[in-house]
Amino acid sequence: MALPLPPGLTPSEVGFLCEMELVTVIPRQRLEGLELLGGPTQSLNPPFPAPLPLWLALLLKRQKRANISPPPWLSVEGLSSILDFETDNRTAEVFSPAPSLPRPTGFGLPHDEYLSQDSLEFSPPFLADSSTTRSQPNALPYHWLELGHLLLTHASDDFDDPDTVRRLLRDLREVRMSKLRKGFRVLDAGAGVKMNGVGGMEIAEVRGFVGGVVDGLRKINRSREESRKDREAEERENGLGGSSYQDDEDDMQL
Amino acid sequence: MANRLRARPAHAPGPAYLSYTPNGKKLVTVGLNGALRVFQHDSEDEPAVIDVLTDNHFAVAATIEFILVGAEDGSVTKYSLLTNSMEEMLVRSSLPVRDIAISPDGQWAAVASDELEVKVVNTQDMTRVMYLREHPRPAKHVSFDISGAMVAVSCTDGLVYVYSLSSEQPQLVKRIDGLIKMLDNEAEASSKAVWHPDGRAFAAPSSTRDFQVVARNDWKLQKAFRGGHRGDISAAAWSPNGALLVTAGVDKSLVLWETRSQKMLKSFDDVHNVILAMQWHPTDNVLSYTNNNGELFIRENFAPNEHAKLLKIALQHAPMNGDPLNDISGNARKPMLNGVKPNGHVRSGDDYIEGLLDDAMSQDGADFIEDDDGAGYAEEPNRNGKRVARSIEGPQAKRQAPGPVWQPQIHEPFQPGSTPWKGNRRYLCLNLTGFVWTVNQETHNTVTVEFYDRQEHRDFHFTDPYMYDKACLNEKGTLFACPASSHHPAILYYRPHETWTSRTDWRTELPKGEEVSSISLSDSCIVATTTAGYVRIYSLFGVPLKMYRQKSSPAVTCVSWRDYVMTVGNGPVGGDETTRLLYTIENVKRDEICQSEDILALPDGVELKSVFFSEKGDPCIYDSDGVLLILQHWRTPGQAKWVPLLDTRTLDRLASGKKEESYWPVAVANNKFHCIILKGGEEYPYFPRPLLSDFEFRIPISSAPNGDEDEINADNTLQNSLEEKYVQSSLQYSLIQDLVENTNATQTQKLEATGLEREVDKVLLQLLAVECREGEERGMKALEIATLMKDRTGKMLEAAGKVAQRFQRDILSEKITQLAERRLVGLVDDDEV
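Chains V and A, in that order, are what the protein sequence lines are. Quick note on the numbering used here: the first sequence kicks off at 5 and runs consecutively. Quick note on the numbering used here: the second sequence kicks off at 110 and runs consecutively.
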């Protein structure tokens with residue numbers, strides 16, 4: 005028997021995935037580098053900040069061995085500028101853009117594979133530094149909602165103004181959610197919705213709703229679809245203009 | 110005055126007003142008739158006349174480029190002084206305009222009319238208007254303070270309203286009651302608040318016919334100029350340096366005052382009409398006023414000869430109650446280094462003038478405005494890097510010479526990593542190990558030492574009856590120093606963090622009369638420079654190792670790293686009347702002097718902010734321009750030079766121009782500059798302790814890239830960054846090579862040196878590739894780059910040849926191969942290119 009779970013990731017799974025994001029910690033005691041499955045960590049040497057996976061950072065934070073310094077977008081200024089963008093009339097249709105993709109690292113020369121050291125293209129959620137202190141202050145990374153929630157729950161004393169940040173996060177979430185729902189209102193058989201910049205948790209949240217809607221639409225359109233198929237079949241049987249189509253199909257099968 | 114005063118009939122009989130342009134070149138008058146007059150300063154010619162459509166003008170304000178004229182019909186019109194013609198109607202109100210004030214930067218004009226609100230209009234864009242509405246009745250006068258951030262509105266209800274314009278919406282800061290009189294809109298008497306040029310206070314005519322000074326920081330009434338007038342005051346003006354004041358009354362009196370003593374210097378009896386507006390010329394001894402008969406008087410040599418020199422001295426303070434700065438000369442207000450009292454607290458007659466002349470010589474007039482803003486560190490003895498003019502040593506003898514006496518400006522001692530008092534707290538030391546801060550509890554201080562690494566060390570806290578004012582912190586212990594007091598001489602106190610005996614902290618007392626000017630602590634020694642000009646060096650447990658007199662004194666600061674001690678002192682005087690800073694670096698254990706009395710390279714007008722050793726043990730300085738420099742080749746005498754590592758003014762984060770921030774240096778470690786970012790014009794970090802930030806080094810080789818995305822720029826950026834990387838890695842290589850050659854370097858350090866050598870060549874290889882790609886014609890430069898390679902193994906040149914081949918630069922590749930071959934057989938030495 006299959007697990008009684010809806011398709012896709014559950015919110016807790018998304019949160020779990022988010023915990024591999026790197027955040028910047030300010031260690032309060034020394035720690036040698038660890039060989040983790042996700043790669044080696046930097047050795048911790050107070051007061052120098054170091055990037056660590058979120059789960060490890062939260063563990064150290066709970067043991068009071070480190071402070072987490074929140075990424076620049078998770079600040080009152082950063083969030084309020086993003087919120088302004090989201091609520092502005094001129095940009096009411098779109099989501100605030102995701103962080104810009106990094107340029108190829110190293111001193112590789114453009115258009116020249118020979119000397120280019122790194123031509124890998126990155127895309128969310130695999131961006132480095134999306135949640136460390138080096139991240140962009142004016143763009144929400146893929147895991148923004150979960151990361152913000154986790155940090156505010158476990159490390160609220162590391163924020164300047166946790167309550168305002170929390171309120172702004174909630175505002176942002178509501179604004180973007182309503183945008184998503186509004187987007188799906190126009191969803192018809194062939195239509196699409198542009199979801200650039202939508203975060204992982206938001207997708208997980210609307211997945212059930214959207215799946216239902218699309219499925220419902222499919223059901224509604226089924227009779228029309230079936231009648232079209234029947235008609236085509238009939239046409240084929242009658243041999244009216246269906247020959248070339250059939251040939252094509254035969255070719256494909258060869 | 111001997112000759113009879115000649116009035117210049119400027120306008121039709123009736124009220125007339127005037128305004129000087131800020132540079133003093135022109136004087137504009139307005140009156141009842143429909144013409145404005147523009148007088149040239151120092152010229153007897155007929156004034157230029159601007160014919161206008163309005164008449165009955167009640168207000169005028171001038172900037173260098175334009176004037177604003179307010180008329181009875183409620184219009185404020187802008188006329189250009191360049192073309193002497195009307196430009197635009199700036200703002201219009203329904204009732205007569207009474208007063209106009211222009212902010213010092215010329216951007217905003219405040220307009221008081223008989224309407225209830227005061228409008229503050231942008232002079233360039235008249236659609237930008239702010240309204241001041243908190244006062245219940247029409248305003249009679251408006252005036253901007255020196256910074257332009259505040260407006261004092263004298264209202265007809267007898268109150269002065271002070272608004273702040275620094276926010277988007279103007280805010281009422283203070284309502285000052287009991288200062289001015291309730292006056293009618295059209296009264297000749299004035300209630301205008303006139304800001305003193307030092308910006309700390311304004312003054313206004315009071316209901317008792319005095320001229321009352323009000324402090325800006327607490328809005329309390331301060332001293333007053335009393336008993337000059339039998340009628341209400343109708344106009345007043347501070348001299349441009351604030352040393353003199355002129356007031357005029359409706360009883361046709363005109364009085365010249367001295368600011369400092371509030372004494373009446375002279376009362377003029379040659380005034381026949383009520384003076385309505387009055388201004389000093391910005392530079393000359395000229396006072397101009399207009400009266401209610403449409404006449405203008407330009408009185409040259411207004412201040413009598415015996416007082417005229419008061420006009421030439423530096424900016425004076427506004428007279429305040431209980432102001433400690435009031436009766437000492439402004440630049441000697443801090444306690445003297447040698448325990449000498451500031452010169453002349455008992456002073457009369459000539460001495461007083463001499464004190465003023467001291468002021469005239471001090472160049473830092475602007476400085477003492479800044480620290481009088483109530484930040485509370487005026488009494489701080491070591492304001493970091495502050496230059497002060499005063500005698501170097503010994504009590505100041507009464508000067509015999511009648512002329513101005515020259516004094517060098519010396520650098521104040523400072524303790525790197527400390528901040529001045531703010532509120533009742535200050536940091537004594539802030540570095541990468543932790544921080545030491547102290548809280549003033551009136552009778553004693555409480556000192557707290559906190560560490561970043563809480564596992565390694567435990568934070569501690571103690572009550573401090575000695576009032577320690579200097580501290581150093583490192584991994585091994587904490588060092589404190591306190592100044593002498595009535596109970597004890599100056600004391601040094603060292604407290605190690607870890608001990609295996611019961612008690613190892615120690616203190617030592619300095620000889621009487623000697624004060625500590627700076628201290629430093631390293632892993633192996635303790636250094637203190639004193640006011641007696643000595644450098645005292647102790648071991649970590651208090652054994653005095655050596656003591657000598659510093660060659661350049663008074664001492665400014667000292668730092669140490671392991672056995673190396675760097676002391677900085679005031680050397681000979683340079684062309685700008687300030688002393689040159691000299692530094693000496695010596696190895697205490699080996700008793701070797703590395704650099705002796707070498708110049709600490711600082712350009713004109715730039716001050717030293719901090720000195721520290723980098724984590725690898727190279728001396729670094731940070732200056733007030735925001736440049737971080739490191740000392741190269743300092744282990745060889747005479748070879749040392751200061752190399753910039755980072756110019757914080759060119760950081761990317763400042764490129765947008767929106768951020769205004771400065772950086773407070775903490776340390777150089779891990780090839781990064783660690784600092785605290787200070788926002789909003791702060792000079793020092795405060796509580797709660799701000800986070801440390803770090804920046805990569807970037808040697809200012811070329812101007813910062815503009816971040817444009819187009820192709821050519823991207824290439825340039827790449828090349829620039831490679832060039833910068835080349836210079837930086839060569840610098841790092843030379844630093845580590847010096848270390849390896851001159852000390853017993855460890856194996857890792859040697860490995861690092863070879864690694865860095867390879868790094869230099871790698872960057873060169875990349876630069877070579879850029880040149881090759883650019884085209885055949887860049888071959889010469891490419892070859893030059895190839896010759897720069899250190900390359901002991903020959904591998905790098907081989908790779909360079911391959912790169913050239915790859916881009917089909919065959920000639921270049923051939924030449925590189927030749928070069929490699931010649932190098933291999935040792936035909937090329939270092940001098941040949």
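It is worth saying that the hints were derived from the structure and are not from the lab. Predicted model only: the values in this text are computed from it and were never measured. Check the hints yourself; a few may be wrong.
Covered stretches of chain V, going by a simulated chain A footprint (3 or more residues, C-beta under 8 Å) [said to hold, decoys possible]:
(1) 32-40
(2) 167-177
Partial list, derived from the structure: chain A residues whose beta carbon lies under 10 Å from chain V [unchecked claim]:
(3) Gly543
(4) Thr555
(5) Thr557
(6) Tyr561
(7) Arg563
(8) Gly683
(9) His783
(10) Ile786
(11) Leu800
(12) Ser802
(13) Phe806
(14) Arg807
Cβ-Cβ distance ranges computed for the label pairs, FRET-style [claimed, not checked]:
(15) A/Lys899 to V/Glu39: 32 to 38 Å
(16) A/Ser811 to V/Asp164: 34 to 40 Å
(17) A/Leu225 to V/Phe188: 50 to 56 Å
(18) A/Glu565 to V/Gln46: 16 to 22 Å
(19) A/Gln917 to V/Pro11: 53 to 59 Å
(20) A/Asp568 to V/Pro44: 46 to 52 Å
(21) V/Ile207 to A/Trp328: 57 to 63 Å
(22) V/Leu221 to A/Gln917: 57 to 63 Å
(23) V/Asp165 to A/Asn829: 35 to 41 Å
(24) V/Arg138 to A/Met235: 40 to 46 Å
(25) A/Ser733 to V/Asp164: 25 to 31 Å
(26) V/Thr168 to A/Asn829: 38 to 44 Å
(27) V/Pro11 to A/Glu565: 37 to 43 Å
We put the beta carbon where it would ideally sit given N, CA and C, even for glycine.
Hints, one by one, checked against the model:
no.: 1; hint: 32-40; verdict: holds (count 3)
no.: 2; hint: 167-177; verdict: violated (count 0)
no.: 3; hint: Gly543; verdict: holds (8 Å)
no.: 4; hint: Thr555; verdict: violated (23 Å)
no.: 5; hint: Thr557; verdict: violated (16 Å)
no.: 6; hint: Tyr561; verdict: holds (4 Å)
no.: 7; hint: Arg563; verdict: holds (5 Å)
no.: 8; hint: Gly683; verdict: violated (39 Å)
no.: 9; hint: His783; verdict: holds (8 Å)
no.: 10; hint: Ile786; verdict: violated (12 Å)
no.: 11; hint: Leu800; verdict: holds (6 Å)
no.: 12; hint: Ser802; verdict: holds (9 Å)
no.: 13; hint: Phe806; verdict: violated (16 Å)
no.: 14; hint: Arg807; verdict: violated (15 Å)
no.: 15; hint: A/Lys899 to V/Glu39: 32 to 38 Å; verdict: holds (36 Å)
no.: 16; hint: A/Ser811 to V/Asp164: 34 to 40 Å; verdict: holds (37 Å)
no.: 17; hint: A/Leu225 to V/Phe188: 50 to 56 Å; verdict: holds (54 Å)
no.: 18; hint: A/Glu565 to V/Gln46: 16 to 22 Å; verdict: holds (18 Å)
no.: 19; hint: A/Gln917 to V/Pro11: 53 to 59 Å; verdict: holds (56 Å)
no.: 20; hint: A/Asp568 to V/Pro44: 46 to 52 Å; verdict: violated (31 Å)
no.: 21; hint: V/Ile207 to A/Trp328: 57 to 63 Å; verdict: holds (58 Å)
no.: 22; hint: V/Leu221 to A/Gln917: 57 to 63 Å; verdict: holds (60 Å)
no.: 23; hint: V/Asp165 to A/Asn829: 35 to 41 Å; verdict: holds (39 Å)
no.: 24; hint: V/Arg138 to A/Met235: 40 to 46 Å; verdict: holds (45 Å)
no.: 25; hint: A/Ser733 to V/Asp164: 25 to 31 Å; verdict: holds (29 Å)
no.: 26; hint: V/Thr168 to A/Asn829: 38 to 44 Å; verdict: holds (41 Å)
no.: 27; hint: V/Pro11 to A/Glu565: 37 to 43 Å; verdict: violated (51 Å)
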